[in-house]
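K.L.:
So the chains spell out like this:
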Amino acid sequence: MKKLIIYNIKRLLPFALAASLISVTIGLFSVLFTPISYFPSDNPNYNLYLNNFQSLILELVIPMAVFAILMPLLLFGYRFNRRKSDLFLSAPFSDSVYRRTVLTIGCALIVIGFTISYWSCVGIYGLRFAFFVPERSFYSDTISQLMTADFSCYIPVYFLAVLGIVSDYFIAAFLMGLGQDIVTAIFTYAISLLGIVVFFTAVSSFFYASYDPQMKIRFFLTLGASMRFDFVSWTSFVRSWFAPLFKGEAALPLMDIEGAGSNYLAFFFHYGAGVACGLLCYLIKERSGEWAGATPMRNYYVRIPFYGLAAAGGIAMSTLFLSNYIFWLSLALSLTLTYLAIALYSRSFKLKLPDLLPFMIFGGTLIVFFIINKIGVAMLPPPEPVSYEPMPYESGLMF
Amino acid sequence: MIEIKDLSKSFGEVHAVSSLSLTISSGIAGLIGENGAGKSTLLRLIANIYKQDEGTITIDGFDSASQQGKSKLFLLPDDPYVPKGAQAKHVYDLYNSLYDIDKEKFYRLLDRFELPKDRNVYTFSKGMRRQFILSLAMSVNVPYLLLDEAFDGIDPLTVGLVKELLIQEASEGKSIVVASHNISSLNAIADRFIMISKGKLGEVGSTSDMAKTIFKYQMALKKPLEEQELLDAGIKVILYRHVGSIIQIVCDGEGGETLEKVVNAHEPIIFEPVPVSDEEVIEAKMRMYRGRAK
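Protein sequence lines, in the order shown, are assigned to chains D and Z.
Under our numbering, the first residue of the first sequence is numbered 1, with each subsequent residue one higher.
Under our numbering, the first residue of the second sequence is numbered 1001, with each subsequent residue one higher.
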């Protein structure tokens, strides 16, 4: 086991180092170019500057998050190739131990890489503040308190970011692990994310189906989009809600369900999905080697995201049913995407009878949910007129 | 000892292995069968690469999926993994991260095969790559070696060395299962054969055991004799061939008076039993079991 761990660390270390280096570089840009001013008379919006830095420093998670998302391709290579699968599945470890070990090594490398990048940047920021900021001569108790609050904020933000990156990693590991080769692994991941967005967009649209179309579109862009399985959802949460909360004054208005609520949900949704996928990655038994190199459609696990996407697409379409050109555009897009996905997964452009199942699921859910939608909307009380006020973050004020 | 009980594995509608029970003990066993018989599948099931649908496999009493079980064997597949651009030391590093490998022995065997150590293994010919990976397999410290297509692509001169090394390994206490279509090479080293056909176990034993029921005759007849006539008479003909004007038949069972009667009716000039070679015994048995499976 020790030899296995050392070998895999040596194998993955160059990638982790590259991602960390990019992270540090991006972080350093934030450190060096963020204005620092705690002097209230010069800068009444001083908290905004602090938030800016915290927002910017979160940018350094992007390379690590991208690395975390791509890492499963490096780890699960053995499942995508018959020759590798023969070697690693017959290796002298109990069932699934090899997979769990490499998953843990990958996770540890990501966390270590991010920890070094993050604290290096915060440390350099602290040095810059301590030695190069002229306003330090104006320190007062209030400013000290603000500084303490500011710097103490980096600890929870760090943990949230680590949790976020690790969630990205396990979500990607689970979804890509369903694939049969690199192409289908990436595609499975992508269509799963798309399915999630479409699903939540559709669900949110149900609640607001009686509101004006503008509201519906806005939901498409906010709630649905923020429910994604990717790092944008949790970083936006941390950026727009958590960090300002520590300061108080600049916190996002929480009374708005669309703004704070969706971010709040996205946060738990993302981390919840991360925990669930992590558990699945560790607990599910290693799949049989017969699937390595086999046609993806033969593996029924691969079909799950397909059917899920088809169902989500059907639900989403049901809220738009025949209402406008978006319906027909979406319909064409959904059918084309489903067909291309089937062609990719079955490695043939010819459709066979079992391949029609996703289309049937799509059509079935479309009709069923259209009926449910119409009944549900008919039962709702007449809506109050709603006026659209842009959120502070939508106006660009917060970023 | 590897004990397999009622093992079954299907791929969709294809029954690759059906209710197979088998015991593999010390020495060298030759695993034989026609293409698609289920040899590679059986080896992959033992090595826990494939999960069986039914049945159990134990290795020295441990489940084949357990660490104790898996750490006792090494499978060399027909097309083993070698990292791209890797030299001997890279391949050693990879395999050594998973198995306990005797490094000195590995390099010694590479020398015996006269293989370069600092060359990209991918630039080796197929036979050289096979020799390379066989060197690695024989250096793994495990009591059971499963070799799929061990002689594939190796030239006749080097096959001799491979046979010598495998016999040496077996004499040191390793149990080796060699799946191959190279019957003559297998026959030189195997102390018993495991014959499978269409996923079912045909027979297990040495060629001399198998030869007990196999008989070969040659005859020259004035009147032509067709195979069907023999079959109609109840003779279990496995092989029927013309060699010039001589007819050779290999039968399951002696044939006895019935065979004599049929042959006599065709005015024999020559009719005599001849010894059956080991290869012919194997071929005959393979045909027999394939016929039964059909």
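One or more of the hints may lead you astray.
Subject to a maximum C-alpha distance of 25 Å in a straight line, what follows is the list of computed DSS-like cross-link-like pairs (lysine-lysine) [claimed, not checked]: (1) D:LYS285 to Z:LYS1200; (2) Z:LYS1216 to Z:LYS1163; (3) D:LYS2 to Z:LYS1072; (4) D:LYS3 to Z:LYS1084.
Chain D stretches covered by chain Z per the calculated footprint, using a threshold of three residues with CB under 8 Å from any CB of chain Z [to be verified]: (5) 105-116; (6) 336-343; (7) 348-357.
Don't read these hints as lab results, they were simulated from the structure.
Beta carbons: idealized from backbone N, C-alpha and C, even for Gly.
K.L.:
Compare the structure with each hint and give your call.
P.N.:
Here is how each hint holds up against the structure:
1. D:LYS285 to Z:LYS1200: With a Cα-Cα distance of about 28 Å, the restraint between LYS285 of chain D and LYS1200 of chain Z is violated, given a limit of 25 Å.
2. Z:LYS1216 to Z:LYS1163: 29 Å, violated
3. D:LYS2 to Z:LYS1072: Roughly 18 Å separates the two Cα atoms, so the pair holds.
4. D:LYS3 to Z:LYS1084: 21 Å, holds
5. 105-116: Answer violated; 0 residues pass the 8 Å Cβ test.
6. 336-343: Per the Cβ count (0), the hint is violated.
7. 348-357: Check failed, 0 qualifying residues.
The structure fails hints 1, 2, 5, 6, 7 (numbered hints given earlier, in ascending order).
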